[in-house]
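Given two chains presented individually in distinct reference frames, assemble the corresponding complex, making use of the accompanying hints.
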Amino acid sequence: MKRAYGPLIVVAMLMFVVAPVLVARAPFEATMGMVQKIFYYHVPSAMVMFLSAFICGVASAIYLFKGTPRADRVAFAAGELVALFGVIVLVTGPLWARKAWGVWWQWDARLTSTLLMWMIFLAYLLVRRYGGPGAEKLAAAMALFGMANVPFVYISVNIWRTVHPTTRVVPTLAPSMKGPFWFAVAAFVLLYVLLLTLRIGLEERRAQVEHLYLEADEG
Amino acid sequence: MRRGVTVTFLVMVLTVSAAAAFVQQPAQPPSQGEFVPVKELPQHEQLPAAPLLVAAYGFVWVALLVYLFSIWRRLSRVGREMDELSRRIAERERRA
Numbered sequence: 001m002k003r004a005y006g007p008l009i010v011v012a013m014l015m016f017v018v019a020p021v022l023v024a025r026a027p028f029e030a031t032m033g034m035v036q037k038i039f040y041y042h043v044p045s046a047m048v049m050f051l052s053a054f055i056c057g058v059a060s061a062i063y064l065f066k067g068t069p070r071a072d073r074v075a076f077a078a079g080e081l082v083a084l085f086g087v088i089v090l091v092t093g094p095l096w097a098r099k100a101w102g103v104w105w106q107w108d109a110r111l112t113s114t115l116l117m118w119m120i121f122l123a124y125l126l127v128r129r130y131g132g133p134g135a136e137k138l139a140a141a142m143a144l145f146g147m148a149n150v151p152f153v154y155i156s157v158n159i160w161r162t163v164h165p166t167t168r169v170v171p172t173l174a175p176s177m178k179g180p181f182w183f184a185v186a187a188f189v190l191l192y193v194l195l196l197t198l199r200i201g202l203e204e205r206r207a208q209v210e211h212l213y214l215e216a217d218e219g
Numbered sequence: 220m221r222r223g224v225t226v227t228f229l230v231m232v233l234t235v236s237a238a239a240a241f242v243q244q245p246a247q248p249p250s251q252g253e254f255v256p257v258k259e260l261p262q263h264e265q266l267p268a269a270p271l272l273v274a275a276y277g278f279v280w281v282a283l284l285v286y287l288f289s290i291w292r293r294l295s296r297v298g299r300e301m302d303e304l305s306r307r308i309a310e311r312e313r314r315a
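Going down the list, the protein sequences come from chains A and B. So in my numbering, spot 214 of the first sequence is number 214, and the numbers just go up one at a time. Each number in my numbering corresponds to the 1-based position in the second sequence with 219 added.
Same shape as in the complex, but just chain B (with noise of 0.2 Å):
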């Protein structure tokens, strides 16, 4: 339990952490004298967007799959305190 508040805790912390990181401003970059159409990007600073999209893609599916096994693995521990219960009932009912 205290375990587990200190975990909480200590996420909670690191989220407000990161969210105020955020909130600093980047330094203003200097003033632009012309624009560059976006062909003539140099490589090192285009973004490619096959990354980012697999890793959307990829992290909806992990989300879910973990999501569905910590479900079952839930049901399983709740089963097996059940059967557990119903177990020591029945003996007791059957010595009384």
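Chain A extracted, bound-state conformation (with noise of 0.2 Å):
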């Protein structure tokens, strides 16, 4: 898998390259027009933020229930990668809504839901960073419920009257507009299995250098 690294971080780059030019070529949406095109890229970075606040919950759950070392270490990264791709959810859509909503913001039940949730995943890693012995506990309980928040925020949209689009929007996408949106989900999920591999690696090392420290001070 390491010998992978190189080659598969320069493929989900190139797709990265490529998905634009997709997007460019894809038909302009009929009320929103060129600015719906911020969609493509939006809408995979908040699915690629719900899949890390999942493996983050069931990674933690695992290290609460059975201690496990390596589930706290992927629960660990998965949780900042929440922070990187919740904070990209957050920029892109209010530069959409500036054009469709004439807002940058509305406080309804998808937006505010979501900015919730990615502040309970940054208190998650403050508590981890600043919580002294035994704050991986705590953290992980705070996962949880992270992790609790997504479903709620998926379904939001149908659930209270919103100005955010509904959950219906992507399996109802024109056929011209399907290819570039699920090359670009492809592109977010590949680069966020690398990032998440590449972090989890950090963790690990880590945990070599603490045992490291612990055999020198032994001597």
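The set of hints was computed from the structure by calculation and includes no laboratory data. Treat the hints loosely; a few may be bogus.
[Said to hold, decoys possible] So, partial list: chain B residues that the calculated Cβ filter (under 10 Å) puts toward chain A:
(1) P267
(2) A268
(3) V279
(4) V297
(5) E300
[To be verified] Footprint (simulated), chain B over chain A, 3 or more residues, beta carbon under 8 Å:
(6) 26-38
(7) 81-95
(8) 204-210
[As the list claims (entries may be wrong)] Distance ranges between label pairs, derived from CB positions:
(9) A:T31 x B:G277: 22 to 28 Å
(10) A:T162 x B:T234: 30 to 36 Å
(11) A:K66 x B:L233: 35 to 41 Å
(12) B:A315 x A:Y213: 25 to 31 Å
The beta-carbon is built from N, C-alpha and C at its ideal position, and this holds for glycine as well.
Printed below as a string of structure tokens:
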């Protein structure tokens, strides 16, 4: 797998270079025009953010109930990626909204719940960083609450009256829009898997350093 | 450590202040007597989409590249630390 990092990162980057070309060729949406093309990066980022929150939550549950250190490292890595893809979602969304709705932000169910979910994962990272000894367990419990938010954020647009497009937009995309969209999703998922693997590798190396420090102190 | 906590605290205070600013609703515009078709909007009121689109795609690229760079830097730092510790342990074992 380690040998495949380089080529796979190159493939992911190439996909990110090709994606805007495909997006540019996709037709303009009837009411929003050009600005709708933000959707091709905004939605895949949100999908990857949900996936990462789910991975972080499941790994945290395994760490809480079984105490597996590797699960804790996976959770930490995934938590950091929720923050990264969350910031992408929360920046690209308002850039689209400014043109589509005339305002940068609306305190509706989808936007507010996404912001809250992102802040829960930021708090998770802060607790991990500054919580001191034993903070891993407290942070793991927070990650469970963060994961519990995912279905709420997803269905919020269908339950409450909101200005945000509903979840029916993606399944009903025109065929000429589906191709670029799913290509962008594939690029984001591939890059996410690579970043997660790299980030878990970093945590494993840190664990090895701690082990070496203990070994050095014992001598 | 303390500096990090201070910076984190400042970032949180700024975030909360910005959120509070968003909550304040702007004054209501006067009632409109007629609807204006979008094509007849004066030039200064039309919002171009291209800068928003470029900003969104640019931000995604910059965020991902910055994150990749930060992982690479952290990996190099941990690698250096591992080499240094291994060297120290090996040196001590040689002396013993």
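Okay, the hints, checked on the actual structure:
1. P267: Result: holds, 9 Å to nearest chain A Cβ.
2. A268: holds (4 Å)
3. V279: holds (5 Å)
4. V297: holds (5 Å)
5. E300: The hint holds - B:E300 has a Cβ within 10 Å of chain A, the shortest such distance being about 5 Å.
6. 26-38: holds (count 5)
7. 81-95: holds (count 6)
8. 204-210: Held - the stretch 204-210 of chain A has 4 residues with a Cβ nearer than 8 Å to chain B, which meets the minimum of three.
9. A:T31 x B:G277: 22 to 28 Å: Given range 22 to 28 Å: holds, Cβ gap about 25 Å.
10. A:T162 x B:T234: 30 to 36 Å: Violated - the Cβ-Cβ distance for A:T162 and B:T234, about 23 Å, lies outside 30 to 36 Å.
11. A:K66 x B:L233: 35 to 41 Å: Holds, at about 39 Å.
12. B:A315 x A:Y213: 25 to 31 Å: violated (19 Å)
Violated hints, in rising order: 10 and 12; the structure is consistent with all others.
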